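Chains as they are written, first to last, in our numbering: chain A, 118 to 378; chain B, 75 to 189.
FYI, nobody ran anything at the bench for these hints, they're computed from the structure. Bear in mind the structure is a predicted one, so any value in this text is a computation, not a measurement. Possibly wrong hints are sitting among the right ones.
To be verified - Pairs of lysine-lysine residues, derived as DSS-like cross-links and limited to a Cα-Cα distance of at most 30 Å, are as follows: (1) B:K145 with B:K107; (2) A:K225 with B:K78; (3) A:K351 with A:K320; (4) B:K148 with B:K107; (5) B:K115 with B:K146; (6) B:K114 with B:K148; (7) A:K232 with B:K115; (8) A:K196 with A:K232; (9) A:K302 with B:K176; (10) B:K168 with A:K302; (11) B:K146 with A:K188; (12) A:K351 with B:K145; (13) A:K188 with B:K78; (14) B:K114 with B:K80; (15) B:K115 with A:K302; (16) A:K195 with B:K107; (17) A:K196 with B:K148; (18) A:K145 with B:K168; (19) A:K320 with A:K295; (20) B:K115 with B:K145; (21) A:K295 with A:K232; (22) A:K225 with B:K146; (23) B:K78 with A:K196; (24) B:K168 with B:K113; (25) A:K295 with B:K168; (26) B:K117 with A:K225; (27) B:K176 with A:K195; (28) B:K80 with B:K145; (29) B:K148 with B:K176; (30) B:K117 with A:K196; (31) B:K168 with B:K78; (32) B:K80 with A:K169; (33) A:K195 with B:K146; (34) A:K180 with A:K232; (35) A:K145 with A:K351; (36) B:K168 with A:K225.
To be verified - Some chain B residues flagged as far from chain A (calculated, every beta-carbon gap over 12 Å): (37) E150; (38) L166; (39) I175.
Just so you know, even glycine gets a beta-carbon here, dropped at the ideal spot from N, CA and C.
Listed below are the residues making up each chain.
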Amino acid sequence: MIRVENLVKRYDGITASNHLNCRFERGKVTVILGGSGSGKSTLLRQLTGLEKPDEGAVYIDGKDLTTLSRKELFEIRKKMGMLFQGSALFNYMTIFENIAFPLREHTKIADNIIKTIVTMKLEMVGLRGTEHLMPSQLSGGMMKRVGLARAVVMDPTVIFYDEPTSGLDPISTGVIGKLIQDLNKALNITSIVVSHDIDSCFKIADNIILLYYGEIIANGTVDEIRNSTDERVKQFIQGAPEGPIPFARTAKNYLDEILYD
Amino acid sequence: MTFKIKSRINDNIGMVMVEGEVDMFTSPDLRDKLLPFFKKKVKGIIVDLTGVSFMDSSGIATLVEGLQWSKKEKREFILTGLGANVLNALTLTKLNTVFSIKADTAGAYQELRGN
Numbered sequence: 118m119i120r121v122e123n124l125v126k127r128y129d130g131i132t133a134s135n136h137l138n139c140r141f142e143r144g145k146v147t148v149i150l151g152g153s154g155s156g157k158s159t160l161l162r163q164l165t166g167l168e169k170p171d172e173g174a175v176y177i178d179g180k181d182l183t184t185l186s187r188k189e190l191f192e193i194r195k196k197m198g199m200l201f202q203g204s205a206l207f208n209y210m211t212i213f214e215n216i217a218f219p220l221r222e223h224t225k226i227a228d229n230i231i232k233t234i235v236t237m238k239l240e241m242v243g244l245r246g247t248e249h250l251m252p253s254q255l256s257g258g259m260m261k262r263v264g265l266a267r268a269v270v271m272d273p274t275v276i277f278y279d280e281p282t283s284g285l286d287p288i289s290t291g292v293i294g295k296l297i298q299d300l301n302k303a304l305n306i307t308s309i310v311v312s313h314d315i316d317s318c319f320k321i322a323d324n325i326i327l328l329y330y331g332e333i334i335a336n337g338t339v340d341e342i343r344n345s346t347d348e349r350v351k352q353f354i355q356g357a358p359e360g361p362i363p364f365a366r367t368a369k370n371y372l373d374e375i376l377y378d
Numbered sequence: 075m076t077f078k079i080k081s082r083i084n085d086n087i088g089m090v091m092v093e094g095e096v097d098m099f100t101s102p103d104l105r106d107k108l109l110p111f112f113k114k115k116v117k118g119i120i121v122d123l124t125g126v127s128f129m130d131s132s133g134i135a136t137l138v139e140g141l142q143w144s145k146k147e148k149r150e151f152i153l154t155g156l157g158a159n160v161l162n163a164l165t166l167t168k169l170n171t172v173f174s175i176k177a178d179t180a181g182a183y184q185e186l187r188g189n
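Chain B on its own, in the form it takes in the complex:
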């Protein structure tokens, strides 16, 4: 599956939609979308992984950077739409319990907007 990524800001919430395989060669693209959000000090970031079929250590490490930002800036960093493959990769690196994980993007967005 080809890798696709889109991002936008709504109501000061950063949204990233990822599709395909997040690996050593595509994860820098994910980071490129996240970095501007870190700098703009959005109130939260939602990374929608519904279309992600595979994620390797570099993908997880890129998400960890988001988590580091959220702890430092006291802002939300939410992952949505995780499939079994992504969950498995998180479990393998013992990071499945540290991320804020929500089932659907719309719900996470409404919740974050209400805060």
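Next comes chain A alone, as it looks inside the complex:
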């Protein structure tokens, strides 16, 4: 389980995480939802310990990430799996070597055993038989699945998914969504999905955290979010261009800037 307490992160005067409090439970898929610039990626970087917050704490199984040394962080990250937005496969390595990479980097496991582990992970994502191929020979959806096999190769207890369905066709989106749910249930892990794809989120999420300008404006089950009466939540779900969430985020008046700047 991951618990975020009073998290604050500022960049050049912009508060990207504004006193966030939330939790990500084990065995559940929690989706962090929000528009561009709402602070999703910032929160993700704090959760993985890639950046230290200005204030607050991130507890993973009781340990505060923000107080850990570099070495301790390194250890804890071995138990974190990450599926990157663009799959982030090494394009000069075969599918086999891509998936085996974390094992070769972090463990002393023998080649023969690595081969079996990679086969087991490819079976999980339905891509056995692609071991010898290069990433460029796969479709975008298949690359995501290879990325997923690599994310789970160290048997993580937490998996982060950064925009797992962006750029995928509807069927591939469905496949990835189902894999996220199945893996979460089978491995009883903490699954954290960062996304702005409302439809697929509603299908896979147990809980949703909705961010808006660095603040949590809604936090609850899919039904709670769907039935929210908050105008900002309703606008986001319906994708309405007009509403309390403005199109432009600059504070300065347009004419003032053009005429007097």
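Since chain A is already given, all that's left is putting chain B on it; use the hints.
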């Protein structure tokens, strides 16, 4: 729980007793105990997992190597004392039906010795 492993040969049967968590960092130790048995051509190997509280994919993959040896050499490779966690890990990798699994070590040993 700390990881402990012991092995011995009785009546040309290789016995491995494992305790604790078999994960990415301890599974190489399990392999180190199994490899000499593969080479010595024992008539069978019994891996007692009674004390194992957790097993990850690398642990399962290490046991798979034992299974590969048993198929190739036509010898027995038996797992005993599996708890719910280990069974769950086997089921997850769809390998729960391919291993020879026995409830108790003593019984498995007597059976193998009689063969």
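Hints, verified against the model:
1. B:K145 with B:K107: 19 Å, holds
2. A:K225 with B:K78: Roughly 18 Å between the alpha carbons, so the hint for K225 of chain A and K78 of chain B holds.
3. A:K351 with A:K320: With Cα atoms ~18 Å apart, K351 of chain A and K320 of chain A stay inside 30 Å; holds.
4. B:K148 with B:K107: 20 Å, holds
5. B:K115 with B:K146: Answer holds: K115 of chain B to K146 of chain B is near 11 Å, not above 30 Å.
6. B:K114 with B:K148: 14 Å, holds
7. A:K232 with B:K115: Holds: K232 of chain A and K115 of chain B sit about 24 Å apart, inside 30 Å.
8. A:K196 with A:K232: 20 Å, holds
9. A:K302 with B:K176: Given that 30 Å is the threshold and the Cα spacing comes to 28 Å, the pair holds.
10. B:K168 with A:K302: Holds - the C-alpha atoms of K302 of chain A and K168 of chain B are around 15 Å apart, at most 30 Å.
11. B:K146 with A:K188: Roughly 43 Å between the alpha carbons, so the hint for K146 of chain B and K188 of chain A is violated.
12. A:K351 with B:K145: Given that 30 Å is the threshold and the Cα spacing comes to 61 Å, the pair is violated.
13. A:K188 with B:K78: Satisfied, since the Cα-Cα distance of roughly 25 Å is no more than 30 Å.
14. B:K114 with B:K80: 17 Å, holds
15. B:K115 with A:K302: Measuring from Cα to Cα gives roughly 41 Å; hence the hint is violated.
16. A:K195 with B:K107: Holds: K195 of chain A and K107 of chain B sit about 26 Å apart, inside 30 Å.
17. A:K196 with B:K148: This hinted pair is violated, its Cα atoms lying about 38 Å apart.
18. A:K145 with B:K168: Status holds; Cα separation ~23 Å.
19. A:K320 with A:K295: Answer holds: K320 of chain A to K295 of chain A is near 9 Å, not above 30 Å.
20. B:K115 with B:K145: With a Cα-Cα distance of about 13 Å, the restraint between K115 of chain B and K145 of chain B holds, given a limit of 30 Å.
21. A:K295 with A:K232: Within the cut-off at roughly 26 Å; holds.
22. A:K225 with B:K146: Between K225 of chain A and K146 of chain B the Cα gap is close to 25 Å, so the pair holds against 30 Å.
23. B:K78 with A:K196: Since the Cα atoms of K78 of chain B and K196 of chain A sit roughly 22 Å apart, the hinted pair holds (cutoff 30 Å).
24. B:K168 with B:K113: 28 Å, holds
25. A:K295 with B:K168: 18 Å, holds
26. B:K117 with A:K225: 29 Å, holds
27. B:K176 with A:K195: Measuring from Cα to Cα gives roughly 34 Å; hence the hint is violated.
28. B:K80 with B:K145: 24 Å, holds
29. B:K148 with B:K176: At roughly 18 Å apart (the allowed maximum being 30 Å), K176 of chain B and K148 of chain B satisfy the hint.
30. B:K117 with A:K196: 38 Å, violated
31. B:K168 with B:K78: This hinted pair holds, its Cα atoms lying about 27 Å apart.
32. B:K80 with A:K169: Roughly 44 Å separates the two Cα atoms, so the pair is violated.
33. A:K195 with B:K146: Measuring from Cα to Cα gives roughly 35 Å; hence the hint is violated.
34. A:K180 with A:K232: Answer violated: K180 of chain A to K232 of chain A is near 34 Å, above 30 Å.
35. A:K145 with A:K351: With Cα atoms ~24 Å apart, K145 of chain A and K351 of chain A stay inside 30 Å; holds.
36. B:K168 with A:K225: 25 Å, holds
37. E150: 20 Å, holds
38. L166: Violated, since 6 Å does not exceed 12 Å.
39. I175: 18 Å, holds
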